[in-house]
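Enquirer: With the hints as extra help, turn the sequences into a complete structure.
Protein sequence lines correspond, in order, to chains A and B. The first sequence begins at 1 in the numbering used here and counts up one residue at a time. The second sequence begins at 1001 in the numbering used here and counts up one residue at a time.
If you're looking for bench data, these hints aren't it; they were derived computationally from the structure. Worth double-checking, as some hints may not be accurate.
Subject to a maximum C-alpha distance of 20 Å in a straight line, what follows is the list of computed SDA-like cross-link-like pairs (lysine to any residue) [as the list claims (entries may be wrong)]: (1) B:K1341 - A:D97; (2) A:K74 - B:D1130; (3) B:K1447 - A:P118; (4) B:K1341 - A:V100; (5) A:K74 - B:K1465; (6) B:K1460 - A:A120; (7) B:K1465 - A:I121.
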Amino acid sequence: MALPIRVLLAKVGLDGHDRGVKVVARTLRDAGMDVVYSGLHRTPEEVVNAAVQEDVDVLGVSLLSGVQMTVFPKIFALLKEKGVDDMIVVAGGVMPDEDVAELKKMGVAEIMLQDTPPQAIVDRLTRLVEERGAR
Amino acid sequence: MSETIDSVSAAELERQVSQWQASEVAEFVKRAPERKEQFFTLGDIPVKRTYTAADIAGTPAEDIGLPGRYPFTRGPYPTMYRGRNWTMRQIAGFGTGEDTNRRFKFLIEQGQTGISTDFDMPTLMGYDSDHPMSDGEVGREGVAIDTLADMEALLDGIDLENISVSLTINPTAWILFSMYVVLAEKRAYDLDKLSGTVQADILKEFMAQKEYIFPIGPSVRIVRDLIAYSARNMKRYNPINISGYHISEAGSSPLQEAAFTLANLIVYVEEVTKTGVDVDDFAPRLAFFFVSQADFFEEIAKFRALRRCYAKIMKERFGAKKPESMRLRFHCQTAAASLTKPQYMVNVVRTAMQALSAVLGGAQSLHTNGYDEAFAIPTEDAMRLALRTQQVIADETNVTQVVDPLGGSYYVEALTNEYEKRIFEILREIDERGGTIKLIEEGWFQKHIADFAYETALRKQSGEKPVIGVNRYRMEGASERIEVHPYDPTTAERQISRTRRVRAERDQAKVAALLDKLAATAKNEDENIVPVTIELVREGATMGDIVERLKTVWGTYRETPVF
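Expert: The following block contains the structure:
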């Protein structure tokens, strides 16, 4: 039997909006995934260190404060520094369309905006991990 | 001769209702079944097919009563909007003080009657704009304020005796308040004439919005000091805005919003009265802030029940004597969490409905959300339309002519009673479990809020909670292109240069000595922290100077998340 998908969900920066990330955490946990939630106000360094240490399949970063274009470049740079190239990075929150397009180019595998149904998030992450294949 | 409406007894009415259920209803339902077995409010309270006088038969006459009279169910004032409309107070904040000042002036030109300030995350969390944690956040979701000079730019040319200013800020509220006081003194205003509000409701931050710096004890002490200082020095100022809004936005039910907010009220009143300030000396300046969301009648009943519960708590639990100490006044905002990105112009309609229930619920001031807020902070165009929505309600609908027009509605009165009963049940449970602060530390409120948020997400997914354009009446492939408020990339640079100039020009020795005095004041619980803070901001101390120094005394708070 396949191992459960391992996910780190994180809040980065000063943003305190945690409604969405907690709904997602519970949804993924109920779907049988191994979920760690970082809690609030983390730095990109803390989040990437934790993701590498926990050896997660998916790193999900939730942002509702508009700083995605500052945070994600830092996360990718840190992952690269650590030689990690197969971690699936996804984003969640409220972001404008232009940023969504930019983030995809940068390597964010999926951006889940407000009102994404919980089951759609489970399905999408499961497919992303399948597409990547076993590590 | 048929009976008149007031001559039918409750027992007789109940008999008629049963008979009606058995005949007309039963026959009709056989041909055309109802949509659901049982109907509920958005907050999960079961509702009946219809209501009659029998449903409110046992209600004490005083509980409904009259507007402006205890327990104020029908409104805090006897004439309400017949005298003056609610304050139309659109919140604004982005960029530097100058940038937001221009938006304020635009809104005032459009007929807005009060202003409300949104701060950026670093200001809310006590970091100066050049701190590494502020990277990318300066002036983005609100205005950046580091020093008194920023505050002066923010309020430049605004007549503070005629336009009341609301400062939407919490863990660092007393610093912004201190800046406001110094600015008012410099402009030679009489402090007792200034009206305005600072949010400063730290307990709901620990519960819901999660903007906090220090541990709960010192955080509440700051609020206590702010209320006590304001009661002595600023007769017309609201030193706290006890807020359910953020509890609701974090996912709670309307009932939880109402009950948890009053639980927080109880802590603040206990803390301030412990310092020897008489309840009647500050209670008249306590103000509230609630959401108005989608369930039209439930929201109205919520507002009416809140006024009644507050009056009873202040009178019975705290022994208040002045009627002004027992009348709840509130600011209201439509529900940002109800806004959708798909078919975003529908947000105008949602917001109008929510605004109408705020007005029928008796709000003292109102912010209506912009149609574009599921994308970014609002544009001028979105804010103008939001303000026009309020102006249509105020000037065209005539709903303002009669006070509490839904008073006496069997349904609204029954739901108001139900809300009161359930609010007091929750408050009793909180007392029995050891009180609000203990339960925040245990994550009790946070768990309740997260549970309802999760339920809501599932109900939206299943369609049980309809959201037009999202799970119903979708337009596949429709464009959601919209012009959003742009972020000016020069903001951080402009902001930081002023902060550095202030730091360079001030009397360093004086600021250092005052910071020592601040630390000493912080260590002594019996002292008030506001006066030394006023001295500090006058001498050019930054928000970061003050907060970082206090972190060395009090430490910081980190929550254990529950979900």
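Enquirer: Hint by hint, say whether it matches the structure.
Expert: Against the structure, the hints:
For the given pair, B:K1341 sits about 11 Å from A:D97 by alpha-carbon distance, which is consistent with the 20 Å threshold. Straight-line distance between C-alpha atoms of A:K74 and B:D1130 comes to about 18 Å, which keeps the hinted pair within the 20 Å bound. A hinted pair counts as satisfied when its Cα atoms are at most 20 Å apart, and B:K1447 with A:P118 qualifies at roughly 19 Å. This hinted pair checks out: B:K1341 and A:V100 have alpha carbons roughly 14 Å apart, not beyond 20 Å.
Between A:K74 and B:K1465, the direct Cα distance comes to roughly 38 Å. Violation of the 20 Å bound is thereby established for this hinted pair. With a CA separation close to 12 Å, the supplied pair B:K1460 and A:A120 stays within the 20 Å bound. Distance check on the hinted pair: B:K1465 and A:I121 sit about 19 Å apart at the alpha-carbon level, within 20 Å; holds.
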